[in-house]
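So the sequence lines, in the order shown, correspond to chains A and B.
UniProt numbering numbers the first residue of the first sequence as 1 and each following residue consecutively.
UniProt numbering numbers the first residue of the second sequence as 1 and each following residue consecutively.
Accuracy of the hints is not assured; some may be wrong.
Taking lysine to aspartate or glutamate and the DMTMM-like style, the derived pairs with C-alpha atoms no more than 20 Å apart in a straight line are [said to hold, decoys possible]:
no. : chain 1 : residue 1 : chain 2 : residue 2
1   : A       : Lys177    : A       : Glu127
2   : B       : Lys581    : A       : Asp138
3   : B       : Lys581    : A       : Asp608
4   : B       : Lys581    : A       : Asp91
5   : A       : Lys210    : B       : Glu539
Now the stretches of chain A that chain B is said to cover, found in silico as 3 or more residues with beta-carbon under 8 Å [unchecked claim]:
no. : region
6   : 165 to 171
7   : 406 to 416
8   : 445 to 454
Since the hints were derived computationally from the structure, they do not count as laboratory data.
Idealized CB from N, CA, C, for every residue including glycine.
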Amino acid sequence: MAAHLSYGRVNLNILREAARKELREFLDKCAGSKAIVWDEYLTGPFGLIAQYSLLKEHEVEKMFTLKGGRLPAADVKNIIFFVRPRLELMDIIAENVFSEDKMHSPRDFHILFVPRRSMLCEQRLKEQGVLGSFTNIDEYILDLIPYDGDLLSMESESAFRECYLENDQTSLYHTAKGLMTLQALYGTIPQIYGKGECARHVANMMLRMKREFAGSQNQILPVFDTLLLLDRNVDLLTPLATQLTYEGLIDEIYGITNGYVKLPPEKFAQKKQGETGKDLPTEPKKLQLNSAEELYAEIRDKNFNAVGAALSKKAKIISAAFEERHNAKTVGEIKQFVSQLPHMQAARSSLANHTSIAELIKDITSLLYYNKTSCNSLVSASEAFFDNLTVEQEFMTGVDTDKVNTYIEDCIAQKDPLIKILRLVCMQSVCNNGLKQKVLDYYKREILQTYGYEHMLTLNNLEKTGLLKPQTSSRNNYPTIRKTLKLWMEDANEQNPNDISYVYSGYAPLSIRLTQVLARPGWRSIEEVLKMLPGPHFEERQQLPAGLHKKRQQGENRTTLVFFLGGVTYAEIAALRFLSQMEDSGMEYIIATTKLINGTSWIKSLMDRPESQSP
Amino acid sequence: MCWNLRDGLRDCLVAAAPYGGPIALLREPHRRSPSSRPQLEIYSASGNSLASFPWKSGPVVQLGWTVNDELLCIQEDGTVLIYDLFGSFKRHFSMGQEVVQSQVLEAKVFHSPYGTGVAIVTGSSRFTLATNIDDLKLRRLPEVPGLQGAPSCWAVLTQDRQTKVLLANGADLFILDNTSCTAVSPPGLSPQVSSIVHMSVSFSYKYLALFTDTGHLWTGSAHLQDKLSEVDTKIRNPPKQMVWYACLSACLSVCLPVCLPVCLPACLSVCLFPVEEQCVCVGELDGVRVVSSSRQELLQEVPLVCQEIFKIASMAPGALLLEAHREYEKCSQKADEYLREIKEQSMLGEAVRQCVEAAGHEYDIQTQKTLLRAASFGKCFLTDFSPDSFVATCRELRVLNAVREAGVGLPLTHSQFKQMTVQVLIDRLVYRQFYPLAIEICRYLKTPDYQGVSRVLKHWASCKVQQKDLSDEAIARAVCLKVGDSAGVSYSHIAAKAYECGRTELAIKLLDYEARSGEQVPLLLKMKRSQLALSKAVESGDTDLVYTVVTYLKNEMNRGDFFMTLRNQPVALSLYRQFCKLQEQDTLKDLYNQDDDHQELANYYVTASYREKRLESRLSVLQSAVDEYNKAKNEFAAKATEDEMRLLRFQRKLDDEKGAGLLGLSLQATMEALLALGLHKQAEQLYRDFRVPDKRYWWLKLKSLAEKEEWEELEKFSKSKKSPIGYLPFVEVCMKRHNKHEAKKYVSKVPPEQKVKAHLGPGGCGRCGDREAERGRDGAVLARCSASDRLLIDKLNRARATATKK
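In isolation and in its complexed conformation, chain A is listed as follows:
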């Protein structure tokens, strides 16, 4: 079921199993039949840990979504609330419990806080007078969730906002705790590198926690050689750019949440003979995307322009495999063919799915092929996509970043989605190390006049996080950074990449360049650039108990855990996977993050929208 987690260099299934074990233990604590009331936000992350079948085995008979008023009727002994420690949720729970008491059959109430119980919430329950009604109040420590064979995520949407805007370091505390759990399972990580304020903070907390646990020395042979902590605000540029890998584009266009994507159903209609196309499915098609699917694992990280070729190659292989049946003469051969059938059929349906997805994306992007069907709409989607990309690339290469950009102006005039505008403006600001006051004010005024005054707060937030800022020093250091770190590669090879820049068709993500340089030749070679980027950079060593020092075999790769504080994009992950696969890199990467993001979801998390009420 979760076998793909154990394929990688590091068996992340251990982590998942540990989490499942804890869940089972809690469920068994509440004897008898149960109903779970879910904080809706948690269902996604939990899905990565345990399916309904596990819950069912432990007598979970009903599941509800947490909402005010009375709980739905269910003939169960226990009601368990799975919630994040949020005060507003406590009020809802209290309401639930109150309306319950009026009914006759008494049921036991329990709360499971994810990822940590909070004094504040319990206090609130006490104030509401329901704290006593709970038999069990427990916490379920779910910090790092195994997302894929080489990917861990905390699925904490607001982490960036909390850390950089609100100065609330709760998620960093959870990060540190999560890393401690990870070390308990996979051994102490001997080397820690980091860049950025938050990275420093997390490293400090980790070292502190290690001191606290002193005495119970971890006797596990370390799996990770290095931990690299990176602040998202060290590299604000990358998430703003449009990702151009297959997976990245799916995320940009349709949004991947907790490993699932919802797609428009039309292209997936099963066209069977004799059936008319009348009853097209209207429900969006939901697909799980992870490396368990062989084909997806193969193409997810490719530049989208290389996906078509890969798909057609795959199609040929599959049809060739099906053709083999004609060659099968003896009974033995036929038997062998039949035994492979399920696998082949799965491969074929996977191919069909991805061909459909690729078509959907191509309709929108259509980078190289002129699409005749979209000809009659004046500004076709693909054209908009392409213009947008052109502007992005201009910014990244430093063309006219200090002037008001006409494309952005036009987009505002056309009332394109605000987030798109914000992404572009922020990008220009980042690439110019801040905008001239006049330019900045112009953009801001345009936005306020077009999209409404209520976005004042959003703009303010963007300024606070440094995504948008007035130029303070006359020197723009972005070109220096770009040149030193080779962030722009003119001749990015999309089909057979030889550099990470293929993931953005030319732009090499800054965060990944830092990672790459750290592995070889080391950060000392780029001291100057590191000083230009915000926050301190540092190196810490954790003493290993004697006897646990790895004896490395010749040619054995080192393993680095790269932790992105504040989110990471799929394109960055693809770039790291590319580095892992490079023959001479000598380094394998495991990626961890607070949340998988893209420019849109990221900017959205920073927006503030006062609920406007018309008088």
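Dock chain B against the given chain A, drawing on the hints supplied.
Coordinates of chain B only, in the frame set by chain A:
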């Protein structure tokens, strides 16, 4: 015994703890006059006096020891007082209110897997049980039919995870559990018995012995299912004490001043051991300690291996090996003969094992050495013998010999030591304050730090902080020096101890060494060092902890101080702000006010303005925002806010006049709506008043006119002045409405580099583009295209390709 008791053990309440535990004496417990109070004395098992003080509380019925070496004194009124080994009072609890009235007649202290328990029987013949005194839950057992006063004898049993009382009333036996009282009869008990006068349960609660008035001793399982044996002891006077002395084989009783009869039910006989004067028997795991005023003896069945080795003319392999070694030391060749004999039976391994095991059971150090040497000698002739047991026994013996020293006084047997484990032994040493010895043992046995040395240090430090004669400085330094950062020693625990003794300053000093903030904070709060608690909480990074302190502070301090405190802790402040944002908007305002944070205050007003239902109040809140923005020197925001207010007023006016429903729309949307309503003049006014960029206004108007298909207006508009957005958009909007005719009007105005695009647009299938391409102008067009405009080039190329095809 090194004690010196004036009157022996006569007229004393005595309690001695098993596992070589301490002994407590209460002399003349029934004396009640204030002038002569009974004396409570505590001795180690070797008779070293640990404490002695006059008993000032009420009359004591029973003494007993807990598993943690604490002394329990059960008083007549049901109060149980707890003292430590050194006679300092720790705490007390009561066995129930009703006991005060009816008085405790008899009491027993018992040990079970749950800890130490107390059972009492009251004057009203009711039993009350507490299974674990550390987690006190009193259980009053049901009434026993026909029982008056105390039963003739009783005992506490632990069976099937339940604690029960077995009692005899005359010849009748009852088992009392939580809910019921069941009459039972032991199988095979002779019928002429008229009373059971004594009973005793074995150490493991598995076996039971009953002594009858006829002098018979019945032994059987504690379940009363099986009988083991019945012996006629010929003893008529009831024994004073009856104790099991080995698991299965025997039971022993004390009754006479000068001899100690031991019944051996297995061989149905009784043998007498002479003892001097008065004595007390203490049941042990593998024997009985007989304590008298002059000596202490351990009565024990000789372990089988020792019997085999030391039996006269024994031919057991161990005995032969011992002999062989003895000859070897004499340099006699007989050694080889003995060895050969063992080897021929291939029993050498067994011989070594026997010697090692026997050494463990011996008390005499010389004998131990002899046996171990023999074992080591035998080991030389074995190739694949694991040395583990040998090494372990040597180590354990060294430890045992050390603790058996009179100075320490823990006369443990090897099996007792095995049963109690090293950890418990360390605890016992610690209770007796033998810290250096305990640490030595931990190091010698290589006990993991947090189970061994650290625990000892923790106790030591807790004890150290109570030394009143040392200054805070000195103690803190001493503690820090010894404890250092030993793993697993909790400084907060030590500090809590110091605080308990009223040494707050010392506690704070000690807390500084604590690594875990989670531990520091609660204690600091308890000591009212809230500022320090806050900074520690912040240091830990645990935001819930910070919230805990902040909420505490909020309730403790007045608002001004509270805010000032927060101000010094930016992390706490921002957390509190978050809290306020969600919960207490007004407090948020006060916070910003106090900090003179005008920018945030202004933002606060902006948010607040959207909550206002009425326009006037909304405007006034916005005005406050403007003021604050001005104070924050944020001109842009101030201006934007003023604009918004102006817009709102304008919208209200028009809504009132024309019912346009504009309020709350953005400027752009307002103009759009106005244009849609045909209110061109008003839109124009907004465009000028708000200095809307020409480009955007042109786009807006263009689209609006096209939307309404007012083509003439559009043309007029296009000619009103030179278009700031060029004329391509004109072509495009026309085409969107499928009006090729109108579109063509503007194509001519499009500059050459956009012409292809213009033609491509309306051309649908690129017809116009084709035309341009055919005209051969594409070369020129291409040249003028900016190099980055790849798409355009692309399209053009394709257009050319199709052109050539045609």
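The hints, checked one at a time:
no.	hint	result
1	Lys177(A) - Glu127(A)	violated (29 Å)
2	Lys581(B) - Asp138(A)	violated (27 Å)
3	Lys581(B) - Asp608(A)	holds (12 Å)
4	Lys581(B) - Asp91(A)	holds (16 Å)
5	Lys210(A) - Glu539(B)	holds (15 Å)
6	165 to 171	holds (count 5)
7	406 to 416	holds (count 6)
8	445 to 454	holds (count 9)
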